[in-house]
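Trainee: The whole structure should be built from the sequences, with the hints applied where relevant.
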Amino acid sequence: MAVESSGDVFDVKQIRRLIELMKKHDLTEIDLKQADQRVRIRRGSDDEPRVVAAPVARATETAAAPPSEAKADDSNHVVITSPMVGTFYRASSPEASPFVKVGDRIGPESTVCIIEAMKVFNEIPSGVSGQVVAVLVENGAPIEFGQPLVKVDPGA
Amino acid sequence: MAVESSGDVFDVKQIRRLIELMKKHDLTEIDLKQADQRVRIRRGSDDEPRVVAAPVARATETAAAPPSEAKADDSNHVVITSPMVGTFYRASSPEASPFVKVGDRIGPESTVCIIEAMKVFNEIPSGVSGQVVAVLVENGAPIEFGQPLVKVDPGA
Amino acid sequence: MFKRILVANRGEIALRVIRACRELGIETVAICSEADRDASYLELADEAICVGPARAADSYLRIDRVISAAEIGNVQAIHPGYGFLSENSHFAEVCRSCDIGFIGPTPEAMAQLGDKNSARTLAMKANVPCVPGSDGLVASEQEALEVARKIGYPVLLKATAGGGGRGMRVASNDLTLQSAFQQAATEAQAAFGNAGIYLEKYVERPRHVEVQIIGDMHGNVVHLWERDCSTQRRHQKLIEESPSPRLAQATREAMCEAAVRLAKTAGYYSTGTVEFIVDQEGNFYFIELNSRIQVEHPVTEMVTGIDLIKAQIRVAAGEPLGFSQDDIVQRGHAIECRINAEDPAHGFRPCPGRIEKMIVPGGFGVRFDSHVSSGYVVPPHYDSLIGKLIVHQPTRREAIETMQRALKELRVEGVKTTVPIHLEILSHSAFHDSQIDTTFVERTLLG
Amino acid sequence: MFKRILVANRGEIALRVIRACRELGIETVAICSEADRDASYLELADEAICVGPARAADSYLRIDRVISAAEIGNVQAIHPGYGFLSENSHFAEVCRSCDIGFIGPTPEAMAQLGDKNSARTLAMKANVPCVPGSDGLVASEQEALEVARKIGYPVLLKATAGGGGRGMRVASNDLTLQSAFQQAATEAQAAFGNAGIYLEKYVERPRHVEVQIIGDMHGNVVHLWERDCSTQRRHQKLIEESPSPRLAQATREAMCEAAVRLAKTAGYYSTGTVEFIVDQEGNFYFIELNSRIQVEHPVTEMVTGIDLIKAQIRVAAGEPLGFSQDDIVQRGHAIECRINAEDPAHGFRPCPGRIEKMIVPGGFGVRFDSHVSSGYVVPPHYDSLIGKLIVHQPTRREAIETMQRALKELRVEGVKTTVPIHLEILSHSAFHDSQIDTTFVERTLLG
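Chains as they are written, first to last, in this note's numbering: chain A, 1009 to 1164; chain B, 1009 to 1164; chain C, 658 to 1104; chain D, 658 to 1104.
Please keep in mind that the hints were generated in silico from the structure rather than gathered at the bench. Accuracy of the hints is not assured; some may be wrong.
[Claimed, not checked] With a cut-off of at most 20 Å between alpha-carbon atoms, the simulated EDC-like pairs for lysine to aspartate or glutamate come out as follows:
id: 1; chain 1: A; residue 1: Lys1127; chain 2: C; residue 2: Asp721
id: 2; chain 1: C; residue 1: Lys894; chain 2: C; residue 2: Glu744
id: 3; chain 1: B; residue 1: Lys1159; chain 2: B; residue 2: Glu1131
id: 4; chain 1: C; residue 1: Lys1014; chain 2: B; residue 2: Glu1028
id: 5; chain 1: C; residue 1: Lys1065; chain 2: D; residue 2: Glu700
Since we're looking at a predicted model, the values are computed, not measured.
Mentor: Here's what the structure looks like:
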């Protein structure tokens, strides 16, 4: 679940999910890298002679090596999550244009969406400044507390 | 849970959880890195040379420590187990001397004890030749199937 | 009948409601906090909606978020469980104004019964015995003395604004009453900014006996007999049973009839519990009516064979009860032990954490209601109940024996539980002889 | 009463007996094979004695070792459970000669009822209806025709030495009977070296209905009503229920009375089950008396409220029954599903292995009898039963609903189970309408 893979490699729940994937698809190794983060999991018996130093060395190298442009950016993104339960609206009315769209530059005070809860329309402020990378929810969708709404690149 | 993604690599609870995951899913390695933090855990028999980062090396060394002398000898002993359920007797009668005692040399045909089951007295043959190292059951004790009775050093 | 309801609670009672709904063919939307997000019982709901962070005040107690969840979940009604919003009449009102069914009584009945004074007035109107006491506040020492002489010593002085034992004094004669009155008033003023004091008969070593009732919207109210919840620690129930041992049949019937009278007078429907205390002479006095389902409802289900949650949902949907008073027979004896993640060896402090392994008891006469299984993490944010072990046998003696063996079968690794104190209580001769009052546990086992 | 008994079985029935003993205050010595040594249910026994290797013939079936275990375990009696040595009259005799109580009937009663011919003779003596047929072997085609005309077609030809369907032929008229007789005799001669053939009425689409009885050593025998076990796959029971749906009350009573008559005639005590088939017209015919406790006994326990294992132990100790026929009332409806570690998608082949995680259903009306928990390894050496899920509700419809939700709650990871086939059966309209006979599963679901 994208929702919960918060970008903390020490998140046990996420690791558990990866392990389930490995078992399901009979994988012996998963090696995920992103900026300065790395998750590497190996399973099953491994009889082949291996220079164990190598992967570790690689690991350290990888960490030191400059990450790819896109992914490096990604890890620095800020995700704006829902502070309440309700219905998500991208615009103040069906006719109006969306509060934000991908590529927009926004400030902390910018309204990114409206969440309707109990007939009250709540404007949700961005809280960060940067460039909108993605809008993660469809207009009119029900959303729960903590659900990711908008992804912002604060460095852009 | 906040507990599970504390970001503290020295969080013992988290490491314990990772180890449980490894055991449960038969993983041989988990390697997690994030910024300047790293957790790497390996398990299972591993005869290969390990040149890894300091803390990891320490961990694996301990696991691979050679067994003690005594234990190595021990593994060469043969244990005669009970082929039935009943009562163990070291001698053919209360007055008689025991069939075997520690230090005795015995052959495969030697009777090592009697097991009484359903009023029948069954002489139990050794099955191996060697020197009696230990008699593991008290005279008159109830014994179950497969219970170790006498320990023999076949090499002595 | 409802097609889809929101379960506005967590843990075992959420699972209990989900189970009933699955049997009734009703879809469920569960709410959860961030702390409960991974709990496996949520998988049994058709949908789960996270309504806030771990703290109950920011999630399970947030009326706006619960109502929003009901709206986006597209449900017809809300089951509030027990605790949290279940006795909040304002919440019931909001449900009504949002045109969402509330599986419970009307807000008016809840409000009236939730207030101590109006509940007492109702009870007297319904001819239900209340603890004798002053008619409202006592203005002076002199008045206190007069009331005390009328109702007889010992008496209890209580702050009208009080709670938690503060501003409470017991007086056993005129002399102690005089000093107690001033002390209580001073303490109440200091603690609550309100010196108002009232006075009632002090019941020594009372038993806590409660009557389960249920009513529908068509004026039918029946009782499902009583439960004895005298085995408590600091007013927290530990063990509940039905029938109440050593209760004279005439008293039992009188209590149950009184409970039904009160509910009818209050225009009450849904499930409810009328709590009484019973003194050493067998006199009973009304304490309060809890306008919700209770933790210990399974005890009543076992002896009557009636599924109270299903019945509660049916009447909330407007259906008639479907059974009459004569259909409800108490059969055999049921006991419930609350299994809490607490450490009895250290003052019952909560013991949250990961349950490494759990083996559940089974077999004849055993029911285990729990949302917990191996690998579950007991969050530190909520009450510590991890399961309810309920047994049902033809006799009380057999029920005790079954409970003992079931408690010994239950294996919970990783957290401490209340199992040891239950075993201690169940093996105590006073429990066997049913010589239990609400002070028993502290007096005998923890003194 | 016994102070200490040996449980000469394994798995769920061993645990069932241990549970009953713990409630009765009787110490237990469990036996186990090497394959079962680490099973957690053994921890609930006071002692466990390994009697042999995994193979049942070398452990659970070895009379000498079981008796030796009883001797070194210092027990007063042996509970044989079901299967293994439970219907071995020689074993019961050995127990008697060793002065160890056998928790079951006398060896004489067992032997007499274990033989098909003597059991049939007994039944006729007790005026219990048997399937009409030849009086012993039929010597010629001509005799077969005469018998068939007398009892009416269709008829079944059976090899006296036969089993497993070999040497069996159905004939529906004179013509087919003539050819079938020669074929059956030839086949029987070839297969068993014995051409002896007998003939009985062929009951089409029968229902399997059995009556639970219990007797004491003082001549009291009562029945605990019937169970319907028509939902079978290849003569293996899958689902059992009580009461038997669509059984006329007069038939029910006649069957139950017949069962008691038979037991009395046989001088039978302990628990036993009298099996009948019921034809489409509601006629019932005696098949056999199983002189032990059965897998499906909990179904009867739920509707009667009587713990059959405790009662069985009590009467084996010489106590009188303690209840009379009038005390035994069928209340509500109970259903049991056998949860086997088998793969319904692959011809129900056994699926032994490690159960990584198991979450057990609970709540109102649910009982789960199982020796299995997370981490248990199902050994490949024995039958594949890993648990019995039993529900009890006021009506059959509610029982089905509860069973469905409980089956969906049950989570077993690591091995395949029979849960999917149960869900399929329970959702089938023929099951809802109780249009079930012993051919239903194969005819409708597996055809």
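Trainee: Hints first: check each against the structure and report whether it holds.
Mentor: Right, here's what the structure says about each hint:
no.: 1; hint: A:Lys1127 <-> C:Asp721; result: holds (10 Å)
no.: 2; hint: C:Lys894 <-> C:Glu744; result: holds (19 Å)
no.: 3; hint: B:Lys1159 <-> B:Glu1131; result: holds (17 Å)
no.: 4; hint: C:Lys1014 <-> B:Glu1028; result: holds (12 Å)
no.: 5; hint: C:Lys1065 <-> D:Glu700; result: holds (11 Å)
The structure is consistent with each of the numbered hints, conforming to all of them.
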